[in-house]
Amino acid sequence: MALIRVTSPHVHKPAGTSEVMRLVILATAPGICAMTFFFGWGTLINLVLACSLALVFEAICIKARHRPVSFYLKDNSALVTAVLLALSLPPFAPWWLTTVAVFVAIVIAKQLYGGIGQNPFNPAMIAYALVLISFPIEMTRWTAPFVMQAAEGWQVLSFTDTLSVIFGGWQTAADAFTSATPLDEMRHRAGMTTTEIWRSSSVLANIGAWHAVSAAYLMGGIFLLYKKIFTWHTPASLILTLAAVSLLFYVISPDNYTDPIFHISVGATIFGAFFIATDPVSAATSNIGKIWYGAGIGLLIYIIRTWGNYPDAVAFSVLIMNLAAPFIDQYTQPRTYGHKSANRGMKE
Amino acid sequence: MGKIFAFHGGIHPPENKKQSTRSPIRPAPVPAQLTVPLQQHIGAPAKPCVQPGHHVLKGQVIALAQGKISTSVHAPSSGTVIEIAPKPVPHVSGLSAPCIVIETDGKDTWIDHTGLPDYTQLKQNELIDYIRHHGISGMGGAGFPTDIKLHLGDDHIVNTLVINAAECEPYITADDMLLRERAEQVIGGIEIINYLLRPSHILIGIEDNKSHAIRVLEEAVRGSSLNIDIVVVPTKYPSGGEKQLIKLLTGVEVPSGKIPADVGIVCQNVGTAAAIHQAVTQGIPLISRIVTVTGDAVRKPQNLEALIGTPFKTLLTAADLQENKLSRLVMGGPMMGFTIEDDQIPVIKTSNCIIAATLDEMPPAPPALACIRCGLCEQVCPAELLPQQLHWFAKSRELEKAKHHNLFDCIECGACSYVCPSNIPLVQYYRYAKNEIREEEAEQRKAEQARQRFEARQARLEQEKVDKENRRRERAEQAAKAQKAKQAAPASESTPKATAPGDELKKLKTAAAIARTKLKKAQTALEKAKAEGMNDLSELTEQHQLAEKAANEAQQAFEQAEKSAATAAPSGPDLKQLKTQAAVARTKLKKAQQALKNAEEKGQDGIESLRTTVQELEAKAAVAQQAFDDAEQSNEASHTSPGENPKLNGLKEDAEKAKATLDKAEKALAAAIESGSPAAEKMKAGVEKLSAKYQAAQSAYEAEAKSTTPTTVPAKKEEAQLDAKTLKQNVSIMRTKLRKAEKALGEADAGSDTAVELKAEIDRLTSLHNEAKLALEAVEAKQQADAAKQGIDLKQLKVDAAMARAAVTKAERAIKKQQETEPEAELTSLKESLVAAQNHAEQLNKTLSQFE
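Taken in sequence, the protein lines are chains A and B. Using my numbering, the letters of the first sequence map in sequence onto residues 1 to 348. Using my numbering, the letters of the second sequence map in sequence onto residues 349 to 1200.
Please keep in mind that the hints were generated in silico from the structure rather than gathered at the bench. None of these values were measured; they are calculated from a predicted model. Check the hints yourself; a few may be wrong.
Unchecked claim - Only part of the chain B face toward chain A is listed, based on derived beta-carbon distances under 8 Å: (1) Glu689; (2) Gln692; (3) Glu726; (4) Ala731; (5) Leu734; (6) Pro769; (7) Ser770; (8) Asn771; (9) Tyr780.
What the hints assert, rightly or not - Computed list of chain A residues with no C-beta within reach of chain B, every gap over 10 Å: (10) Ser8; (11) Leu130; (12) Leu132; (13) Ala209; (14) Val251.
Heads up, the beta-carbon is just placed ideally off N, CA and C, and yes, glycines get one too.
Same shape as in the complex, but just chain A (with noise of 0.2 Å):
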């Protein structure tokens, strides 16, 4: 007979690797869905793009390593970061942009350092940074978001049009996608206090469909908590921390800082907690360090929101927090059955 020669274990649990990105794609469906009702077709022709430039690059760097090819693409992680790096750019951002982003993503971030597994930094992350600091006013290619009136129909901007807007150039009125979005309402007050904020500014009127765009997004999360794609431990912690240190400044100075609840609700708070700071390659390992790496990015947040130069600050807290993630390792390693306590860093 000539039988399997293996030692065990002999079964295995049926999802794989590929499953988990395709279930984190999935989880994206109610924000995608949301972005598009609001800001138009520019999400997902930005998605398309993202996609296909992604597989492409990552295709031509595995071949470059001498690795099967199809072998390594079917595992979906290129798709995933080609997603999440589409969603958090804007939608009308330029086609060169996209292409840039996803190259640095996917060549530089991620197949250079080894390719997947293997990155310290989460790749949708650099990306973004190094576009958003590079490329500042294409960066701010917001519409305002299209809120829905009585018997109007879905109003924005045509397919077409937004085809050639992205790959053309500014043909279309200039001042029309450079509505800030509320973050930068807020970052740039110039003084006036946040009641006067809330009263004048058109873009915060329209905070509902910021608001719908986050609970798209934290329905998708919880969809990827009930099949246990993550644990609670790192959006818990980072939407906490970042409502527990809001309100603390929020209690002390009304005026001058806002509610906690905007800081959760706009921007990519959720859409980072649950999507961009779960990455687990480049995020701390045991539950207890996930707590502390959550944590960590929730207070970065508000520091560079309130502080800082730039309005939103997610991709920068979680760039941040990377760097400090093997040490949280070192330090949080769970107390193993039979020992007295967990052992800390390196030493006996």
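With chain A fixed as given, assemble chain B onto it according to the hints.
Just chain B now, with coordinates in the frame of chain A:
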């Protein structure tokens, strides 16, 4: 129902247990051949007590336990032992191990077996030995000989007995069926274990997927007098692992590196408990067990009661195996079992399951991706490790870091491998890392031992050098002392060399002992030969006599040396020793007296004994002092009579001894002749020998006494003994010295001080020279006279000898010349003449040497 705690991690693989619980336990067919391994558990293999060709009955002991951790092995069925040889056994390595192969005769006849009527009558040790003798060892997991676990009550406090009925691995249902059908046996076994260990609590841990078994067990527990708690735990793998079950049932964690008994808990499998019950109540040894045969490749998955040693093929055939579907044979469960290829491998005491899997059921693992650090492995690890980090360290061979991350706490359950999304074979990495670490540690231990041996050797050599130096120095000092003593008192007798008298004595003693053993050997040989009725005893008797003679001689020599050593040196060393002994005795006495005084003052007990001690010591001290005084006196006496000749004394004693032995032998001979003993002839011969000896000794003594002159002038005697050669040398030396001095005088200035000195020197040397010459002439004259007595002219003899020598050299040269010029020619005549010349020269030299 007891309280349930929880353990970290765990997985829920598909159970696959329903297939094999549909039918009851059936007995497996008895195979044609049974292969019973000698080692079916941790510990030493048993030693066979049967031989190929023996007929054995079912239940008969065929191998006995060896050592502390071991169990006996019994014949599972009646038959004939064919061979005892290495055969493939169920082990991960696939290696063979020694087995006893029995060919069954189909009759399956039992040996007489009765259980113990009342096991409570036995002492605990005896009962445990009984259990060990019946071959009971752990039947789940590693297989520890049960008697070891039962002995834990001796030196540990056992407060909880945990019975493991969890059976957490998928596919396996052996324990489940055992509980369903034979729960009373399990409870009976628990009662016996309770008698041996006396725990305060008894807990049975069982998973909630065995509802039928739980019901039956509850019923059985009700019928027992013990307070047994049945704790139903949630179905999770690996809740049946010993450490995990203990945490589940008691909330206590077994410390790393320790055994559960160290926290007062003993864990036993239900199968083992049932086997104990069978052994104690019915005397049935462990010769069969329930095996689950399952998998998609068998048409009738079921539980079979198989004899130990049954080849798995028998069981698979009984379960209707479809060979074309078979892709993997797993022994054990799917999480921790190992694959086997040979279906002739036998069932052993720990085989609880065999899975005949198809390709779909257990597909080969897909290729592994890189680790994406998802952390799922850490979520499920029951030992709360960081499998991800361990994997990184094992991969990069950072073994120190792996050890630091508690690699050795891994129980290799496979849960991490099960969940890994990248299909990384994590458990294999850990096994590899553990092996590497073990090998490294073994190498280190070897190197450490080698280093220690090397250092010890260096130290020993150093010590030897130092000792040698010390000895040399001592000897030099002693020699210097002796030299001084000699020069200071030339008139005193020259004591025989005191250099290592002890060594001489020892040598003689050993020689005497060796001679005695040789004598004994010869004696036994002679007697044996006589007993066997050999005819020709003459050689042996001769050897015997020789040995006797040698033994006697050696003994005498030793005793002589002893005596001479004693008489020759009633001198410094002995005196010193006696002096120190006396001093020591005095100090001891003083101490005892002091102690007595103290006791008397303080009124302590034991005064009487102290007083007696004091008296004894007084006596001893007096004796020592007396000995020292005597020695001193005799020493002085001996110094004042330097004329004592030890040789003379020795001979005298020899003679006396010989006389004594002769008298004894004569008496014995008389007695023998009177009683008509057959040995009389022999004894007569012996007596004659002894008398001859005595005569010899006596004459030797008298000769020595006559020839010995008073040794007051030993110097001259020594000179007279010098032979002509040395005298001649002396003469020539004197001549050269004289010539030198004359030359010096010639060179020196006349009338100077040096000249005067030199002249005095010359005078002295001339007188010495004349003396030496005279001595030489005297000796030569003596030689001549001696030779003339024998009718030989010494001068002529000398000349003849010289001529003979010259003839020899001539003959040699002729041969050489002939060889060079005509190598082919015959050399016989020349050789003959050479030989003749050599002989002549030899003869003359011999005669000459008599006078030189």
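Check your understanding: For the hint on Pro769 (chain B), does the least C-beta distance to chain A fall short of 8 Å?
Key -> OK, holds: Pro769 (chain B) within 8 Å of chain A, min 4 Å.
Exercise for review: Grab the minimum beta-carbon distance between Leu130 (chain A) and chain B and tell me whether it stays above 10 Å.
Suggested key: holds, 23 Å
Check your understanding: Going by Cβ atoms, does Ala209 (chain A) stay more than 10 Å from chain B at every point?
Key -> Fine: 34 Å to the nearest Cβ keeps Ala209 (chain A) off the interface.
Exercise for review: Answer holds if the nearest beta-carbon of chain A is closer than 8 Å to that of Tyr780 (chain B); otherwise answer violated.
Suggested key: Violated - the Cβ of Tyr780 (chain B) stays beyond 8 Å from chain A, reaching only about 10 Å at its closest.
Exercise for review: Hey, is Ser8 (chain A) genuinely clear of chain B, shortest beta carbon separation above 10 Å?
Suggested key: Ser8 (chain A) is in fact no farther than 10 Å from some Cβ atom of chain B, at 5 Å.
Review point. Minimum Cβ distance from Asn771 (chain B) to chain A below 8 Å?
Key: holds, 6 Å
Review point. Against chain A, with CB atoms and a cut of 8 Å, does the hint on Leu734 (chain B) hold up?
Key: holds, 6 Å
Check your understanding: Measuring from the C-beta of Glu689 (chain B) to each C-beta in chain A, is the shortest one below 8 Å?
Key -> holds, 5 Å
Practice item. Mind checking the CB of Ala731 (chain B) against every CB in chain A and telling me if the closest is under 8 Å? Key: holds, 5 Å
**Study point:** Non-interface claim for Leu132 (chain A) versus chain B (Cβ beyond 10 Å)
**Key:** holds, 26 Å
Check your understanding: Checking the smallest CB distance to chain B, is Val251 (chain A) really beyond 10 Å?
Key -> Given a closest Cβ separation of 36 Å, the condition holds.
**Study point:** Restraint outcome when Glu726 (chain B) is required to lie within 8 Å of chain A by C-beta distance
**Key:** Holds: closest Cβ of chain A sits about 6 Å from Glu726 (chain B), inside 8 Å.
In summary, the structure is inconsistent with hints 2, 9, 10 from the numbered list given earlier, while agreeing with the others.
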